[in-house]
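Residue numbers (the UniProt record's numbering), protein chains in the order written: chain A, 1 to 405; chain B, 1 to 405.
None of these hints come from the bench; they were simulated from the model. A hint or two may mislead.
Copies of the same chain look alike in the list, so a pair counts if it works inside one copy or between any two.
Claimed, not checked - Taking lysine-lysine and the PhoX-like style, the derived pairs with C-alpha atoms no more than 20 Å apart in a straight line are:
no.: 1; residue 1: Lys74; residue 2: Lys19
no.: 2; residue 1: Lys22; residue 2: Lys74
no.: 3; residue 1: Lys35; residue 2: Lys372
no.: 4; residue 1: Lys22; residue 2: Lys35
no.: 5; residue 1: Lys22; residue 2: Lys372
no.: 6; residue 1: Lys133; residue 2: Lys372
Bear in mind the structure is a predicted one, so any value in this text is a computation, not a measurement.
2 protein chains.
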Amino acid sequence: MSVFTDVPLAQKLEGSLLKTYKQDDHPNKMFLAYKVCMTSQGQPWVSSVVLKTRMQIAQDPSLTYEYTPVMGMKSFIQASLNLLFGKDSQVIMENRAGGVHTVGDSGAFQLGAQFLKTWRRDSQIVYIISSQKEPHGLVFQDMGFTVYEHTFWDSTRLCLDPSMLLNVVEQAPHGCIFVIGNIGNCKLTQGQWTQLMVLMKSKQIFPFFDIPYQGLATGDLDEDARFLQYFVSRGFEFFGSQSLSKNFGIYDEGVGILVVVALSNELLLCVLSQLMDFAWALWLNPPTTGARIITSVLCNPAMQGEWKQSLEGAVENIMMTKETGHKEKLRLLGAPGSWDHITEQKGSHSYLGLNPQQVEYLVKKKHICIPKNGRINFTCINSYNIDYITESITEAVLFTKDSEK
Amino acid sequence: MSVFTDVPLAQKLEGSLLKTYKQDDHPNKMFLAYKVCMTSQGQPWVSSVVLKTRMQIAQDPSLTYEYTPVMGMKSFIQASLNLLFGKDSQVIMENRAGGVHTVGDSGAFQLGAQFLKTWRRDSQIVYIISSQKEPHGLVFQDMGFTVYEHTFWDSTRLCLDPSMLLNVVEQAPHGCIFVIGNIGNCKLTQGQWTQLMVLMKSKQIFPFFDIPYQGLATGDLDEDARFLQYFVSRGFEFFGSQSLSKNFGIYDEGVGILVVVALSNELLLCVLSQLMDFAWALWLNPPTTGARIITSVLCNPAMQGEWKQSLEGAVENIMMTKETGHKEKLRLLGAPGSWDHITEQKGSHSYLGLNPQQVEYLVKKKHICIPKNGRINFTCINSYNIDYITESITEAVLFTKDSEK
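Construct the complete structure from the given sequences, taking the supplied hints into account.
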């Protein structure tokens, strides 16, 4: 008689789309939903500085490989915070921004959620944008939080709509947690920013920022983190998950930071000490290879310069794929409608602007795997598959136009 | 008004001894409780193959650094299981031993405890040996398990006593979880092994093995894992935390495995699928650098041979430190009593065999930081500090003898 008799096979939450793709044996099958930035050769993008740095580290005889403290690598945390807020920013100078080195961004959400579960018992409600529900929303859900999904994508007007965001905040209950991802694409006016923050402040909504790839949205590191300054200057306290895996191209090292901003250094130290207790039980010591690579690059001006250039290059490639590779091809093929919404969205992941019927057509008839909301990773498109993809999209749009008649 | 007003400074559980040591400004202060094997130069021990392998990996252009699956690196898991059970062992051939690649051994305990919390609700009691209470016992405790500490160290007879172990098992309640660490030092006879397993089987006690440094106890990898065979052959199902950080000397990579043995492949797959769900929320993807280094070594016979030699060398050094460095010096200094118990215990960490008063004397008067139970890391002793340490121990023993009068 087995101890495990009652244990059923788990319904795997993750990668259901990738699973569909893998099980498909059609020769033209394609997967446009990889999480990471891909190169034109269909490989995960890696910043050119990373290879060099990896070699330097391997050759460095002065390094010891002893356990890191529970908090993680201090120099890594400091360098990452400087990148986010600016070395001379007030919040850094006042010692009220800190962080815990975590195992990837999932680790940061796990850690933050454990803290909020324990120390904000009166508000266990989380709002999260649909595209972030998996995996981050589920971390909260598994822990007993009530998780509400929402979206700012207006599928009729084909744009990200700030007023949809404001509506959600208006309806959200007092004291809830708001996970805020790449809000830059939402193009809030100064007035809307003010309105958003006044609303959040009055309702004591706690922001939990997700900064998955600073620099890979606009190519400008400061620009991509600017919205944080707004919240800092308005006196918000918040958490943030800062991942540096994607913007360095070290996906498999599980390197992240849970960023904490508090009103004072004293408060910050209390929060960090509690977080360390949780981290202690979760993994005791975070892994260091990724953190070492990042710190080496960030602390060396020449290397940092090269890294920034590589980010700019990656973002140029994304925009080129969207502009000439995709939008232009669709126009030439006579795909009905404007495709400006594709280039109006920054970053690798953007809404194609297709309706559910069109998405289904691509998945079922053309074996192109894309999520139901039609938000794809544009860097999965390259010279080898662009023709098939744009032709299929054109077909999907025309097909569904015909079937509407 | 801060969100964090009610958050107190956490009482850090870990490293209280290390903290005492760091705060001590006495010139002769010493710390004999490091977790890891130290070299004669006072540095954490690193197997000579690791540096080479690290370089080879950094130079390998064929490697991609994409996210690993939630389960972790398959080749790493397989190589580690082969190391533990033997490539041709029945349990491997029958596909009923598996594992999840975790973030260090703490991650393995976290993952295993989460599973047991969910799937063995009727028995939330854990027995653990005192020296493992921190950190592993606390992981269970934090999760709501009732944790009982015990010890097999007979402080009068100065030996590890199997009958103390058997007594604990006899008194333990039906269905509890038994964390079993380096049991090799306990020197059970064949009859006692049988008795132990019959007892555990009849009480449906679930074993959770801790294999923190296979090969670093006796210098023989198979010997150090032999006790697992006993449990396998008796038809036990169990979990095991297998850490390969210490026996490779890659402490900061957070590399571990939660090993699962089930009665059938079908049961195993169910358990692994549930564990993956937990891992998914905890860290999503485990870090790979450490796993890559280990796999490269284990899958290359020449490298594996070199690694085994380095383990043998490390163990020889440990025994030499204990024998000629420590026991012999104490004899020459005329420290009363026999010190044979030091060499009778295998591995780097062993009981000094001092009473609480003697330990206190060393800590307070001589500034030698050692745990209350007197279990020290013998590799912290080297030619630079041996004289001071043995003289201090002799003094402590004589002092407490005098004060007894």
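Do the hints match the structure? See the list:
1. Lys74 x Lys19: between (39 Å within a copy, 17 Å between copies)
2. Lys22 x Lys74: between (41 Å within a copy, 18 Å between copies)
3. Lys35 x Lys372: Within one copy only: 15 Å inside, 50 Å across.
4. Lys22 x Lys35: So Lys22 and Lys35 pass the 20 Å test inside one copy only (16 Å; across, 44 Å).
5. Lys22 x Lys372: within (17 Å within a copy, 56 Å between copies)
6. Lys133 x Lys372: Only inside one copy: Lys133 and Lys372 sit 14 Å apart there, 48 Å across copies, limit 20 Å.
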